[in-house]
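Enquirer: Sequences listed follow chains S and B, in order. Residues in the first sequence are numbered consecutively from 0, following numbering that gives the first Met the number 0. Residues in the second sequence are numbered consecutively from 0, following numbering that gives the first Met the number 0.
For the record, the hints were derived by calculation from the structure and aren't laboratory data. Cβ atoms here follow ideal geometry from the backbone N, Cα and C, with glycine treated the same way. This list has only true hints and no planted wrong ones.
Which chain S residues face chain B? A few, computed with CB under 10 Å, are given here:
| no. | residue |
| --- | --- |
| 1 | His224 |
| 2 | Ser254 |
| 3 | Val255 |
| 4 | Ser266 |
| 5 | Phe288 |
| 6 | Ala290 |
| 7 | Arg299 |
| 8 | Arg319 |
Spelled out from the first residue to the last, the chains are:
2 protein chains.
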Amino acid sequence: MANSLSFVAARRELTASETDREPTSAQTARVKALQSAETAAAMSGRTVTFGPGEPLKLASGKSLSPLTIAYQTYGTLNADKSNAILICHALTGDQFVTDTHPVTGRAGWWSEMVGPGKSVDLDRFFVICADVVGGCMGSTGPSSINPETGVPYALEFPVITIADMVRAQAMLIDQLGIDQLFCVMGGSMGGMQVLQWAASFPTRVFSAIPIATAARHSSQNIAFHEVGRQAVMADPNWRQGRYLIEDTRPEKGLSVARMAAHITYLSEEVLHRKFGRNFQDRDAPTFSFDADFQVESYLRYQGSSFVDRFDANSYLYLTRTMDYFDLAADHEGVLANAFSGTKTRFCCVSFTSDWLFPTAGNRHIVHALNAVAANVSFVEVSSDKGHDAFLLVEPELFAAVSGFLGAAARRRGLSPAKSGI
Amino acid sequence: MANSLSFVAARRELTASETDREPTSAQTARVKALQSAETAAAMSGRTVTFGPGEPLKLASGKSLSPLTIAYQTYGTLNADKSNAILICHALTGDQFVTDTHPVTGRAGWWSEMVGPGKSVDLDRFFVICADVVGGCMGSTGPSSINPETGVPYALEFPVITIADMVRAQAMLIDQLGIDQLFCVMGGSMGGMQVLQWAASFPTRVFSAIPIATAARHSSQNIAFHEVGRQAVMADPNWRQGRYLIEDTRPEKGLSVARMAAHITYLSEEVLHRKFGRNFQDRDAPTFSFDADFQVESYLRYQGSSFVDRFDANSYLYLTRTMDYFDLAADHEGVLANAFSGTKTRFCCVSFTSDWLFPTAGNRHIVHALNAVAANVSFVEVSSDKGHDAFLLVEPELFAAVSGFLGAAARRRGLSPAKSGI
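Chain S on its own, in the form it takes in the complex:
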């Protein structure tokens, strides 16, 4: 275990052998690629690295080593380590749940949900969130240095799954000396990890909150992901994935991918309410391809700001984990089998206007849990904000989470919240 040892070693090898003479452009690009990995590592917060003796065994049959997990913690772990909540982030999220994001400088992605006195009360709970394997905020992913080549993996990174992410998180939880998590919670791809945790490690999950998710990715959602991947791969700067090594960036392709995806995170209602057909800084159409409409301007901004904080290859790999997710398929085609005998308490949440992970798919999880007589509650939150509602200020969601966590905490025998509730 060490902080990013592998890439430091690779860097040293490069500088020793190549500093004597004028660097070629390929060498310069290689140094830049290594610097890029170095920068990501420096911004990743806390990390733990598992060496050659502790490889991550992958669903594909391959294994990944060394494995670095970058993570953040919030609040205080109690003496018997019984108040830990693992938060699983979504596709383009990361470990910075509530503190300032080191790249964007903005508040963490779930600052409204997590904090002292908030639904996930940091006066009471110890929160852990790790950048997923395959990500780009410090955990090992396609932009990490491949120890066999000394340059970023790119497409030599193995294709991973949601189950692989969860196994890596379990290694981190072991490392932190935590036997059982009080709760595992997350939305979207994070919700898939929650379900996988409950299926893979039932005795280690006291309670679980899968939000706006599904037990398998739908055909339509695979289709949207495929569009995003093709947009990235169509960018000549993607260079068959070797853009870090060749010192280019597939920014346009990644931006288009993000734009397409972003529409699916919203709803027709909220787009109509926020933008309608309003013009952007003009009173009438310009009869051009400028961003005449506010919604065009908004979408272009979403695309261009995303490329500053996310790695294109990570986008390919992480969308693929969701496509591959089908929990029933791993259990003789019967979803209920994934949860048979479970003692975990579940609170499933969906949003009325979420068409990416509609209520029906969330209810399907509830039915499977009912079939094994699990302890499960289900909340469909009324919202016009679409899939993104789980990231936004939604009092009904906050109330459901705090209520469920409070009841589970009493059952677990945790000390009451400071407010006395």
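Once you've looked at the hints, dock chain B against the given chain S.
Expert: Same frame as chain S, now just chain B:
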């Protein structure tokens, strides 16, 4: 009026001045661009060209001249020219409604709807369909030769609107000596043209069938269009629109645009029914970015086959016409005003699973027509096929169209169908 005279003239000018010496690559590209326009013209079927004395006056204030309209007709115009049906095609459609398409070799896009004895009965009606202005199957569009430069317009083509398309169609209808169309019908962008016809030329439209459309493009739909345009423009082969002149093709960008759009033409239900999570020619995931899933393979095919038959700049211009469409905005913000005093009979059709042009938007048209006491019927067809349902075999749609046309024909005093119905 003449067949593609303008581009022939431009071609002659080029060869006279440049054949004496070895052509530069720019000249070669220019010749290829002209040949490309020539090929399109040769495949366009019937054409009519309006010369400098008859410019198309555009909503933007500009005008377009010369103007060529490429069109097809089917069936026989009766003696008093009272049995003509104008079919307006959708975004990527064209004039080849029911005969073999000259590029793809496949049956015309509405072969199931239009033919002898079919819902639009060619034993009874005379059908006209014209490639829209801005299109790429022979009507003047961004790939046509700009008479001022001798090379394709590219982005020097003026931005056009649905109303401009309809004015151009009216010039064609004048040319054919038809005072009043028995019916104007079409789906999607074609339905927008139907509504515009009824608003702009109320006395020339005896009946109208707008299908799966809207009186204004929604914020979400503008957003999807913007993604498609950005995908095209992100392709370096687009060359700021000058790809024909520079002898490149933005095929990857256009393919991504088509893939994203194609998802919106379907429904989650039909994708689930047709593809689900089925693998393509394999039993298990390959743990790669190959098209593991049937839906990925299908989508890639939709993208790659589209670029063989459609022009990227036409795609930009035609999506823009739909974004700009807002019939109420042209009538003091009140849609009903667009139809005040109308004597046209309307049959509006929507599909239950169409989320691109949902029933609500179609019903909004019906309500506006009700407000001016128009003669209107409304049919919501049960279908799981999404927006594309209007192009497919949908018996309920066929029955609605044939029933409505039959009743309107009796009212118009047309001779009965051969079958005696």
